[in-house]
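Chain by chain, the residues run as shown.
2 protein chains.
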Amino acid sequence: MQIRDVFYVSDGTAITCETVGHAVLGQFSFQAHERTFPFVESNHKLEELIKQIELSFSQRGTKPLVFFSIVLPEIREALSKAPAELYDVLGGFVGKMEQDLGLAAQPKLQRSRSVTKDSDRYFDRIAAVEYTLAHDDGVSLRDLEQADIILLGVSRSGKTPTSLYMAMQFGLRVVNYPFIAEDMSNMRLLPEFEIYRYKLFGLTIEPERLTEIRENRLAGSEYASHQQCLEELAVVEGLFRREAIPYINTSSLSVEEISTRILEQTGLKRRLV
Amino acid sequence: MQIRDVFYVSDGTAITCETVGHAVLGQFSFQAHERTFPFVESNHKLEELIKQIELSFSQRGTKPLVFFSIVLPEIREALSKAPAELYDVLGGFVGKMEQDLGLAAQPKLQRSRSVTKDSDRYFDRIAAVEYTLAHDDGVSLRDLEQADIILLGVSRSGKTPTSLYMAMQFGLRVVNYPFIAEDMSNMRLLPEFEIYRYKLFGLTIEPERLTEIRENRLAGSEYASHQQCLEELAVVEGLFRREAIPYINTSSLSVEEISTRILEQTGLKRRLV
Numbered sequence: 001m002q003i004r005d006v007f008y009v010s011d012g013t014a015i016t017c018e019t020v021g022h023a024v025l026g027q028f029s030f031q032a033h034e035r036t037f038p039f040v041e042s043n044h045k046l047e048e049l050i051k052q053i054e055l056s057f058s059q060r061g062t063k064p065l066v067f068f069s070i071v072l073p074e075i076r077e078a079l080s081k082a083p084a085e086l087y088d089v090l091g092g093f094v095g096k097m098e099q100d101l102g103l104a105a106q107p108k109l110q111r112s113r114s115v116t117k118d119s120d121r122y123f124d125r126i127a128a129v130e131y132t133l134a135h136d137d138g139v140s141l142r143d144l145e146q147a148d149i150i151l152l153g154v155s156r157s158g159k160t161p162t163s164l165y166m167a168m169q170f171g172l173r174v175v176n177y178p179f180i181a182e183d184m185s186n187m188r189l190l191p192e193f194e195i196y197r198y199k200l201f202g203l204t205i206e207p208e209r210l211t212e213i214r215e216n217r218l219a220g221s222e223y224a225s226h227q228q229c230l231e232e233l234a235v236v237e238g239l240f241r242r243e244a245i246p247y248i249n250t251s252s253l254s255v256e257e258i259s260t261r262i263l264e265q266t267g268l269k270r271r272l273v
Numbered sequence: 001m002q003i004r005d006v007f008y009v010s011d012g013t014a015i016t017c018e019t020v021g022h023a024v025l026g027q028f029s030f031q032a033h034e035r036t037f038p039f040v041e042s043n044h045k046l047e048e049l050i051k052q053i054e055l056s057f058s059q060r061g062t063k064p065l066v067f068f069s070i071v072l073p074e075i076r077e078a079l080s081k082a083p084a085e086l087y088d089v090l091g092g093f094v095g096k097m098e099q100d101l102g103l104a105a106q107p108k109l110q111r112s113r114s115v116t117k118d119s120d121r122y123f124d125r126i127a128a129v130e131y132t133l134a135h136d137d138g139v140s141l142r143d144l145e146q147a148d149i150i151l152l153g154v155s156r157s158g159k160t161p162t163s164l165y166m167a168m169q170f171g172l173r174v175v176n177y178p179f180i181a182e183d184m185s186n187m188r189l190l191p192e193f194e195i196y197r198y199k200l201f202g203l204t205i206e207p208e209r210l211t212e213i214r215e216n217r218l219a220g221s222e223y224a225s226h227q228q229c230l231e232e233l234a235v236v237e238g239l240f241r242r243e244a245i246p247y248i249n250t251s252s253l254s255v256e257e258i259s260t261r262i263l264e265q266t267g268l269k270r271r272l273v
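Listed in order, the protein sequences are those of chains A and B. Heads up: the first sequence is residues 1 to 273, going by the numbering used here. Heads up: the second sequence is residues 1 to 273, going by the numbering used here.
Derived by calculation from the structure, the hints in this document are not laboratory data. Errors might be hidden in some of the hints.
Copies of the same chain look alike in the list, so a pair counts if it fits in one copy or across any two.
What the hints assert, rightly or not - Pairs of lysine to any residue residues, derived as SDA-like cross-links and limited to a Cα-Cα distance of at most 20 angstroms, are as follows:
id	residue 1	residue 2
1	K96	L86
2	K63	Q52
3	K96	R76
4	K96	L218
5	K96	F28
6	K51	K63
Quick caveat: nothing in here was measured; it's all calculated off a predicted structure.
Can you make the complete structure from the sequences, with help from the hints?
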């Protein structure tokens, strides 16, 4: 299998370059050695980058693949002369949009959700993360009127990472509440949730996958036993159906996929765009 | 100012499309009405999408701008016939990479850090989020040997969102520890941190910005007073310098920017790529 160096280069965080690069690399089978060069906005950093590109080329005998997003023209030009296969992550789209809109772009340094750009947005996001942290895992059931959504599910069904991702990425205030083994013999909806019924959303998971995840945490425990997982899931899915709470199965989904499917099914709007 | 509809369309989560689209839109001044169509992988969803594109075109009189990432050829083809300005977020790069590598792409549905694709990665990420949650805000100082980094700073300097972002995005295990007003008269490093000195990293912030953020939380309090903010920051920055703890000023940085700068300055490697 061929080996190639892959560099992510930006005058900002390079997170967009990484995101695009990972998606493209996911369609190929080769061994990628990845490195990220963020905040390339000075001559000093530019020289270091060019040196690394030249080193990669001379050592491997093949040009490194460089996913880049650079606004400053002099840095773009220097990069264009380096021995690299260049993937301009945004440039082509900016050019096309200028044509489509009949507007000139106003190039500025990449600022991802920058504080200075939009202070309200900054506060919204931080407030969403804090609200979600304060309402993780049933810790608090206060201020439910502020919740955008309330996630329900058994332990290890994916509630906490999903909640935090939705807060960080979409600016949503998420409550999550676990059903525990003791709830099982008399499963019912908490009275606190009654008037917020329309905010409830369930997560479920295949018993085999749940057993695997719990084993990874507490190997050999009753909690991780297949029988226990089967029973909890049967009871909780019964509740979801009885109470007409929408739910999804998270078994083969990433945190991004679970979060996006919840938005899609509930029609919930992103608060950060 | 002109108004345009902007659609993000994918057979996956469309998060990559949103990321690229936001970055491109950030270079233009127009009013964008954004909508996201994830998981477009069935005829039913395709028809709904095409209907919305046609509706946008007929209502606005201009074609909507569509950032898309679609693997299935029949859906790509249907989209290409719709009245839209099309931005193929990954397609051009996949084609270029086929040429650069002399390899054919193996198109598969977009799966962002999918569970099935790589179960170990899934567990690493969840474990990082859990470790970081358990070590938020000085709650626990156990298992510090597992920490990738230990963030220090006064209340509201950005520790918690940065920690969670680094865990979620990069798979890092982050401890964060706040200095509180009571620490100020006798500021010293906790003995627990002594042997992990090399993991310490400080966050600081301009007094004006800190005052603003604390006012937003507890208006009119001693805690939010400019004098208190000034004093705490002077003491804490003194400690950072005295103990040679590297630190950055977070005042005008987003959570993504703070996280990336920390990686850059410490040389810490991403655990998720």
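How the hints compare with the structure:
| no. | hint | result |
| --- | --- | --- |
| 1 | K96 / L86 | both (18 angstroms within a copy, 9 angstroms between copies) |
| 2 | K63 / Q52 | within (11 angstroms within a copy, 43 angstroms between copies) |
| 3 | K96 / R76 | both (18 angstroms within a copy, 19 angstroms between copies) |
| 4 | K96 / L218 | neither (53 angstroms within a copy, 47 angstroms between copies) |
| 5 | K96 / F28 | between (27 angstroms within a copy, 12 angstroms between copies) |
| 6 | K51 / K63 | within (13 angstroms within a copy, 44 angstroms between copies) |
Consistency note: the structure conflicts with earlier hint 4 alone.
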